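Put chain B on the given structure of chain Z with help from the hints.
Residue numbers (my numbering), protein chains in the order written: chain Z, 1 to 731; chain B, 732 to 903.
None of these hints come from the bench; they were simulated from the model.
In this text the structure is predicted, and so the values were computed from the model without any measurement.
Where a beta carbon is used, it is the ideal one built from N, C-alpha and C, also for glycine.
Among the hints, erroneous ones may be present.
[What the hints assert, rightly or not] Below, simulated BS3-like cross-link-like pairs (lysine-lysine); rule was C-alpha separation at most 27 Å, straight line:
1. B:LYS733 with B:LYS768
2. Z:LYS596 with Z:LYS289
3. Z:LYS455 with B:LYS768
4. Z:LYS455 with B:LYS733
5. Z:LYS455 with B:LYS737
6. B:LYS733 with Z:LYS316
7. Z:LYS677 with B:LYS822
8. B:LYS747 with Z:LYS455
9. Z:LYS455 with B:LYS822
10. Z:LYS316 with B:LYS761
11. B:LYS737 with B:LYS747
12. B:LYS761 with Z:LYS36
13. Z:LYS235 with Z:LYS193
14. Z:LYS657 with B:LYS747
15. B:LYS761 with B:LYS894
16. B:LYS894 with Z:LYS316
17. B:LYS822 with Z:LYS690
18. Z:LYS661 with B:LYS747
19. Z:LYS580 with Z:LYS563
20. B:LYS822 with Z:LYS717
21. Z:LYS289 with Z:LYS599
22. B:LYS822 with B:LYS801
23. Z:LYS44 with B:LYS733
24. Z:LYS691 with B:LYS822
25. Z:LYS455 with B:LYS754
26. B:LYS761 with Z:LYS44
27. Z:LYS720 with B:LYS822
28. Z:LYS665 with B:LYS747
29. B:LYS822 with Z:LYS695
30. Z:LYS455 with B:LYS761
31. Z:LYS714 with Z:LYS690
32. Z:LYS714 with B:LYS822
33. B:LYS822 with Z:LYS686
[To be verified] Where chain Z lies over chain B, by a calculated footprint (3+ residues, C-beta under 8 Å):
34. 751-759
35. 841-853
36. 859-872
[What the hints assert, rightly or not] Computed far set for chain B versus chain Z, every beta-carbon distance over 12 Å:
37. GLU738
38. HIS778
39. GLN782
40. ALA795
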Amino acid sequence: MNTVPETKMNTLKEQLLESDRLLKETGHYAGLQELKNRTEDPMKYESLHTNLRSIAVEAREMARRISASPGVREVGEMVVALYTPEGDAISLSTGIMVHVHTMSRFIKWMIQNGYEEDPGIRPGDIFANNDAFIGTVHVPDVMDVMPIYYEGELIGWAGAVAHELEVGGITPGGDVYLAQERFTEGLIVSAEKVGTNDSLRRDYLTRVERNVRMPIYWILDQKAKVASCLEMREKVTELIDDVGLDYFKRTTREFIEEGRRSQLSQVQDLMVPGRYRGQNFYGHITEGKQGILPLSENANLLYSIPLELDVSSDGKMHLDFEGTGSWGYHSMNCTPAGMDGGLFVALTQSMNYEGKVNDGAWMATDMNLPEGTWTNPDSHLAATATSWSLMLPAFGIFQRLISRGFISRGFKEEAFVGQVNSPMVEMGGQSQYGDKFGMALFECAAAGSGAIGMKDGIDTGYVGWNPESDMGNIEVWEQGIPMLYMGRSISADSGGAGRNRGGTAFSSMWLVHNTDQLTIATSEHSSRVFDNAGLCGGYPAPTAHPHFAVRNTNMDQLVEEEKPLPHSLGNNPNQTDLEKYVDGDFEHVEGPYIDKPFKSGDLFAHTYNGGGGYGDPIERDPLDIARDVENGYVTMEIASNAHAVVLDYDEEKNECKVDTKATVKRREEVRQSRLNKAVPVQEWIKSERKKVMEKDFVPEVQNMYKDTLNISEKFEKEFKTFWNLPEDFTM
Amino acid sequence: MKSYDKETIQDLIDGKLPWQSTKSIMSQYKDEDRFFKYLDILQDRVHFQDQILLPIGEHLYIVAKEEKPKGERVVKCGCGHEFGHYTENWKLNAVINVREEEEEIAEIYPGRLSYDAEWMELREFFCPSCATLLEVETAVPGYPIVFDFLPYLETFYHDWLGKELPAEPASD
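Same shape as in the complex, but just chain Z:
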């Protein structure tokens, strides 16, 4: 009943093997079939957990004040966590919780690879990692862990992760979209001992100083992380003084076992056992862009991401990504560690948000990540710099699938259409101060969320990877980049239409300022296809918007003549305000932006993504639409076309009135028109089958099928069965 080791075992490797054996053989973490300490003294037990959580939150907040990076200071791209000696997360702070389990992988990797013997694990050591094949999502997520000793025994690990804004890759920034192999992703630190005696090594810091474009961010972030680990170590040691080592060891493992049980019972309380299926897609456009290495056969890529979720009678969730495409020579691949992180952060927002949030939840789920696909590349040379590109859609499906369960049970307040990509602007070159610089502009951490089962999505305040979303203040970003904001505006119609509207996104427009050389490279753009859907009749949010830039502008002249200036792209979907107000050389770029450097006076605009809608849009309360139009979230055109609402809009007063009678009539007409246009699905399948037989698809679609039919027998069988294709059919 009490299998937690009371005395120190010989090695960490033996402890890890024993812990894995106990979980496998008993089904309980550390073999804990009873939560003895919880039962005997629940107050003492909960008090320890609350204390540990407070320590992690406090350590993160302190670290944010040490960091120089607006990514960490403003946007909160950091997390701090406490681990068992074997590397299982006990307790964590708020922030980018995606990394709680990736860091777990990193600790376990060091143990499994004999780090106890060489390079040795001793008090005061600092280990760092940003190698995704060991345990992180991608290169910018640099993690630091330090062992915690008590009376000479390693009793846990303190760990911290921060997303670096510059990593020294082939293009500036952190999410290096142009990377096509590991060698172009930037500075990789593979499970390295980077410090001893509580201090970072001078030679390590020299390497960072000389190999990234903006070392102040990386180095101060690293010092901030070390400070947070030291803070945790000190506070945890004090706590053990109070409660005793044996109690600490046993209870922290009970927390994890409770987390595991809690996840299973949450599934049983909120969902319905069954088979849930869904899919998302991602389009990647690189044709004609400079700097693309000739490694991949195809300039443009289309990925399908099917997910089957099986919820079994014991509440265990099994996710299966069989049928998705191969990894490739691009930056969007993801490692199993990254996929673990994606699942973990989705769980913390949907089910694992109360009680014990720790690695227990992860133990109550499992995933099939087919080898050779982008979810599990069979070469560690694959680039993963922008793995969120595919990972966000992948776990966006997961959010939709579990939401179906919530809807079935009546918990519509938990049903969530899910996350989307929020493309990031990365840049580098010559700063406004005359120095070299590099920076990821992290305002992307505030996209529109998917709609919720009983309300609209969150406008400009959600991203999947950080439940504490924040776009950061304009003035703070302007200190770090040679660009001035012309404006930051709600992007009308960027939320998916639905009875509950998807959250809207925003767009920013900048004037390049005081520089002769500013390279901009953006990432995580799904072009041509939606990267998440709507739910229950709601429409998906529009896919990633194109980029608009103007070079050699007449801005100086416009300012001098006091003429109107562009501050946003405007609400006309067919003409931007740039075209309306400015003269110059116009660029309209689809997908990730990469081009020659900008200089002072040029203009650049970038739009983030909104979330998908929920429910039939013509069921939306017309008064809500009137409010949306008045507030600039929805245009009159979409109000009329998608929501079938007739409005009387006084532009001068910005007042919208609903013509109720006309709206009822219009909605009835829309229903009739739907039936006139729609055809029985069986008929549609017959006509579509012809297209499939004739392979009447554009090359990117054909290539996607060639790849997925080749890599997955299961998908091949399903595809052929659905379309009733001959056995010898090939794409």
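Using the frame of chain Z, we list chain B on its own:
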């Protein structure tokens, strides 16, 4: 155990509860008796007598049929339209519209908000009787229609709710 009255749940699922109350419910432990109260609310709203066993969407329900074959578990729209047995994909018995023409795409996704119809289909599944938009599926052309949800009904009722389902006649 948390429990709310039927009116509160009704307002909650309709989005009519004041936000502070909604937020408070979201932050509390869940009410374990929600499911059957929810079924009661939905049963009052539908235009048929068949017992709702499980909602599977905004207007879609797995029901036990009153008419013959009595007890058969089929998917029904709230208006009463029947889509076939719940173990089969209801979408195959719906009507569909795929927006292909530029003008039709621009109704929802105008100008720079558009997608590429050669890369992506927006499949709108409607109820053939009441024309409610039941689901919008996004798919690459040629992608099989997805069967969203196959609940393990027996397990759910017997093991999770501790109740028995109304008997279903044996299929031929």
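Hint-by-hint comparison with the structure:
For the given pair, LYS733 of chain B sits about 13 Å from LYS768 of chain B by alpha-carbon distance, which is consistent with the 27 Å threshold. Distance restraint check for LYS596 of chain Z and LYS289 of chain Z: the Cα-Cα separation of roughly 10 Å lies within the 27 Å cut-off, and the hinted pair is therefore satisfied. Simply put, LYS455 of chain Z and LYS768 of chain B have alpha-carbon atoms about 20 Å apart, close enough for the 27 Å limit, and the pair holds. Taking the CA atoms of LYS455 of chain Z and LYS733 of chain B, the gap is near 22 Å; set against the 27 Å cutoff, the hint holds.
Simply put, LYS455 of chain Z and LYS737 of chain B have alpha-carbon atoms about 19 Å apart, close enough for the 27 Å limit, and the pair holds. For the given pair, LYS733 of chain B sits about 25 Å from LYS316 of chain Z by alpha-carbon distance, which is consistent with the 27 Å threshold. The hinted pair formed by LYS677 of chain Z and LYS822 of chain B meets the criterion: a straight-line CA distance of about 17 Å does not exceed 27 Å. Between LYS747 of chain B and LYS455 of chain Z the CA atoms are separated by roughly 9 Å; this keeps the pair inside 27 Å, and the hint holds.
Using a Cα cut-off of 27 Å, the hinted pair LYS455 of chain Z and LYS822 of chain B holds, with the two alpha carbons roughly 26 Å apart. At roughly 19 Å between alpha-carbon atoms, LYS316 of chain Z and LYS761 of chain B fall within 27 Å of each other, so this suggested pair holds. Between the alpha carbons of LYS737 of chain B and LYS747 of chain B the distance comes to roughly 13 Å, so the proposed pair stays at or under 27 Å and holds. Our distance criterion of 27 Å between C-alpha atoms is met by LYS761 of chain B and LYS36 of chain Z, whose separation comes to about 26 Å.
For the proposed pair LYS235 of chain Z and LYS193 of chain Z, the alpha carbon gap of about 23 Å is at most 27 Å, so the pair holds. For the proposed pair LYS657 of chain Z and LYS747 of chain B, the alpha carbon gap of about 21 Å is at most 27 Å, so the pair holds. Proposed proximity of LYS761 of chain B and LYS894 of chain B is supported: the alpha carbons are some 20 Å apart, at most 27 Å. Distance hint between LYS894 of chain B and LYS316 of chain Z is fulfilled; the C-alpha atoms sit about 21 Å from each other, no more than 27 Å.
The straight-line distance between the Cα atoms of LYS822 of chain B and LYS690 of chain Z is roughly 20 Å, inside the 27 Å bound, and the hint therefore holds. Between LYS661 of chain Z and LYS747 of chain B, the direct Cα distance comes to roughly 23 Å. Compliance with the 27 Å bound is thereby established for this hinted pair. The suggested pairing of LYS580 of chain Z with LYS563 of chain Z holds, with an alpha-carbon distance near 12 Å, which does not exceed 27 Å. Distance restraint check for LYS822 of chain B and LYS717 of chain Z: the Cα-Cα separation of roughly 20 Å lies within the 27 Å cut-off, and the hinted pair is therefore satisfied.
At most 27 Å may separate the alpha-carbon atoms for a hinted pair to count; LYS289 of chain Z and LYS599 of chain Z meet this at roughly 19 Å. Note on LYS822 of chain B and LYS801 of chain B: the hinted pairing holds, with a Cα-Cα distance of about 23 Å set against a maximum of 27 Å. Using a Cα cut-off of 27 Å, the hinted pair LYS44 of chain Z and LYS733 of chain B holds, with the two alpha carbons roughly 25 Å apart. Using a Cα cut-off of 27 Å, the hinted pair LYS691 of chain Z and LYS822 of chain B holds, with the two alpha carbons roughly 20 Å apart.
Distance hint between LYS455 of chain Z and LYS754 of chain B is fulfilled; the C-alpha atoms sit about 12 Å from each other, no more than 27 Å. About 25 Å separates the Cα atoms of LYS761 of chain B and LYS44 of chain Z, which keeps this hinted pair within 27 Å; it holds. The suggested pairing of LYS720 of chain Z with LYS822 of chain B holds, with an alpha-carbon distance near 19 Å, which does not exceed 27 Å. The suggested pairing of LYS665 of chain Z with LYS747 of chain B holds, with an alpha-carbon distance near 25 Å, which does not exceed 27 Å.
The suggested pairing of LYS822 of chain B with LYS695 of chain Z holds, with an alpha-carbon distance near 24 Å, which does not exceed 27 Å. At most 27 Å may separate the alpha-carbon atoms for a hinted pair to count; LYS455 of chain Z and LYS761 of chain B meet this at roughly 18 Å. Between LYS714 of chain Z and LYS690 of chain Z the alpha-carbon distance is near 22 Å, which keeps this suggested pair within the 27 Å criterion. A C-alpha spacing of about 22 Å is found between LYS714 of chain Z and LYS822 of chain B, which places the hinted pair at or below 27 Å, so the restraint holds.
Only pairs whose Cα atoms come within 27 Å are accepted, and LYS822 of chain B paired with LYS686 of chain Z is accepted, the gap being roughly 15 Å. Judged by the Cβ-Cβ criterion of 8 Å, the stretch 751-759 of chain B is covered by chain Z as claimed, because 3 of its residues qualify and three suffice. With a threshold of 8 Å between beta carbons, the proposed coverage of the stretch 841-853 of chain B by chain Z holds, since 11 of its residues qualify and at least three are required. Residue count for the stretch 859-872 of chain B with a Cβ under 8 Å from a Cβ of chain Z: 13. That meets the three needed, and the coverage hint holds.
A cut-off of 12 Å between C-beta atoms confirms that GLU738 of chain B is not in contact with chain Z; the least separation is 14 Å. Under the 12 Å C-beta cut-off, the non-interface status given to HIS778 of chain B relative to chain Z holds; the minimum distance is some 16 Å. Non-interface status of GLN782 of chain B relative to chain Z is upheld: no Cβ of that chain comes within 12 Å, the nearest being about 15 Å off. Listed as outside the interface, ALA795 of chain B is consistent with that label: its C-beta sits roughly 16 Å from the nearest C-beta of chain Z, beyond the 12 Å cut-off.
Consistency note: the structure conflicts with none of the earlier hints.
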